[in-house]
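Make the complex out of the two chains shown on their own, each in a separate frame, by following the hints.
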Amino acid sequence: MKLLRNKRLFILMIGVILFIALMGFTRGRTGLTWPERFLNDAFGTIQGAFYRPASAVAGFFRDLSRLSDVYRENEELRKTVAQYAQDRIRYNTIARENERLQEELNFTERQKQLYNYRYLFAHVLANSSNPYDRTIKIDLGSRDGIKPKMAVQTVDGLVGVVSRVSEFTSTVQPITELDPNAPDVVEVAATVLGKEGESFGIIDQYDSENHVLQMSKISQTDPIAVGDTVITSGLVNVYPKGIVIGKVLRKQVGDFGLTLTATIQPAADFDHLSEVFVVVTPDVDGP
Amino acid sequence: MTIRMNRTIAATLLLVVLETCVVPWLIPPAWSDRLFPHLAFIMTVYVAVFGGRHRAFFFGLGFGLLQDELFYGHMIGAYSFGMALLGYLCGLVMKRSRVSLAAVIVMAGIGSGVLDTMVYWIYELFSLAGVSFGYAVYNQVLPTLLLQAFLALLLYLPVRRWLVRTLPSSAADDGPA
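The listed protein sequences correspond, in order, to chains A and B. For the first sequence, our numbering gives the first residue as 77, with consecutive numbering after it. For the second sequence, our numbering gives the first residue as 4, with consecutive numbering after it.
Just so you know, nobody snuck in bad clues.
Some chain A residues close to chain B (C-beta under 7 Å, calculated; not the full set): (1) GLU112; (2) ASP209; (3) ALA258; (4) SER284.
Calculated directly from the structure, the hints in this document are not laboratory data. Don't be surprised by glycine CBs; every beta carbon is placed ideally from N, CA and C.
Okay, chain B solo, but in the shape it has when bound (with noise of 0.2 Å):
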């Protein structure tokens, strides 16, 4: 199996472009300040799990800028960091073990608690984040990793059928499985 590549960048530039306009929309009001899904994220780990960690590292480097960018605020780098680590690890952590969807999902679900974690501490580092650790954790980064897992199983068939593409076994070199 492999994943296509042309299309999935196309597929989540419109997640990303529906994350930020539509999403907010969404969630109801209460939740606001603790719900921020990445759906950028979630494609990098189908990225890695489908395409291998090479790819994925490129992946996330270049859609964590993106994002960091559009919504340059303090500073630039944060979820690019992040999301190009996670997306690697995530490659490496699947070569070992078979693709299936509650490995995807549990990947997501966790990736996305050490990408906020993370982004938290870059922020902490730069005393910007504004908020003591275990009310970020509490209120921002376990609601949002239920939220990731429940959005990358959403997510699980669309990409399988549109977005995976499977190759004679010979062929694929660079895939797990």
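Chain A with its partners taken away, still in its complex shape (with noise of 0.2 Å):
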């Protein structure tokens, strides 16, 4: 009986050693093996087959619940159509003239391309059960030609980064697991819309405990105010630019007193997607 528990103790101490072999290993790696790919497609097609349907009635008892509030959204989106229209006419010759200015200062092609991203539409395939590695499966993989450190946004804002990919499916990696602990998470570069010019300041952290995103390394002479809209600065070259990450709730003094720090509400909600888009900057200047 001694001999035997012994066994199992020395069982355990190799379980131990192994798992935190592996779980060191896999840490920060960034590649999939093939039968990892082939797992992640097998599965990321019966997860499809599932997950949209739930999606659709989940989606079908939302809106029914939401009824009464269609009347005041639709008097709110006819305003925001009147306004739209407007700004649209102001947009084409804006853009035009900025095309023919690009033309006159003789931009290269690149730069001209720069800001010419595509969305890809994904739908989700499925959710994590880990509450503190929440990654969430799109049905798009290289194939589509999506590669990792793809932005992922939806109409309200940006969800995350895509962090690994398979042939068919991908896995997106959503801001919520900002941390700077963590070796394979990328840090957003933020700036306020309005004052692209002015405001800069890095996205950090995600609080778990309080919902919110941190922002932080903001100089004492920025213009940030309460209830601005951060958006993504496209100065680091991971997120493209001008894509929504929420609203400015609080703004505060650092940890030395030299730099301010944003607490910031996230735009997307992450617990009921059903479709993201990713987006594709131009790779003009790649192979």
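Below, the structure written as structure tokens:
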């Protein structure tokens, strides 16, 4: 009996060592081996068959419960459309003007195409049920031109970044996983809508307890104010320019008193996603 | 009594798919960051109860690894380790007691609590958890524990009916009772 107990303990120790090695090895690894890709794709197909009907039914019931708001929402939308029609005319004029100026200033092809993003529509296939590793799976993969580190957004705002790609599916790491300690997470360079030139900060942490993002390294002279809409700045390569991140809730002095930090309410709803867009940046000077 | 492993594995694969695709839509938005049901773990407990600890060990290892792999975010291995260990421990406990509904439910509940705590500490070890221990216990482990016990209750009859085969007592060697 004593021998048996020792054997069990021995196996447990070996198991602990093996698993810590496995966790350490898989932490911060970016690629996937072919069995992993196969498993992801096989399950992705089945998951898609279940997720889409479930989201449709749930969406129907949610729409029913929001039926009373429809009238007010319609009013709101009508106003927005009127505004949009005006803005559209202005936009066209300015875009044409901009193109002409770029032509005159001899912009290279790369510079001209820099902000010409493509948006690929993707269905969500599944949600992770691990509270500390909340990933989302989408039904686009390397076959569709998805590469790691592409930004993913909904119509509301930034969701996250593609972390791993298989042939037909890919895994999205939402910005709720932002953590300065994680090696595989990409911080978001952010600015404020309407003050793009003057405002800058880095969003590097998500506070899971209060469900807000932390924006740090903001200069003390920064004009950022409570209620401002925070967008990606595009100054760091990963995230394209101009994706809405959220609204500023609070602004406070940072740890050493030299910089400011801001608390941001994310715009996208991470819980019940069914459709997302993958933002493809033009790859003019790439291979 | 013994468990039909092939059917159990097929059923658990289906449950894993349901857990990741349908269950998130059934949980109300206000609770979506509190309830994280793990149907594969409940099935591991059933395997431990009806099939013995060694089967439960490999079952937990396999399905834990599957779950880790399908939602590979920061790292692989937390659920695989926890489910294998707890499957084995559940089998060890059940060797000494009789199979009853109450025992299964209590074990699924407590096991789920221990599993979630263990996963929390593994992520905290790599400083990836992002929340304090008190918050995790109060907001994630305890609500999930209650839900898991309830789900174990729901799954009890289907498991007894379709996945468990009653043998003549002479042939039941590794099963309990």
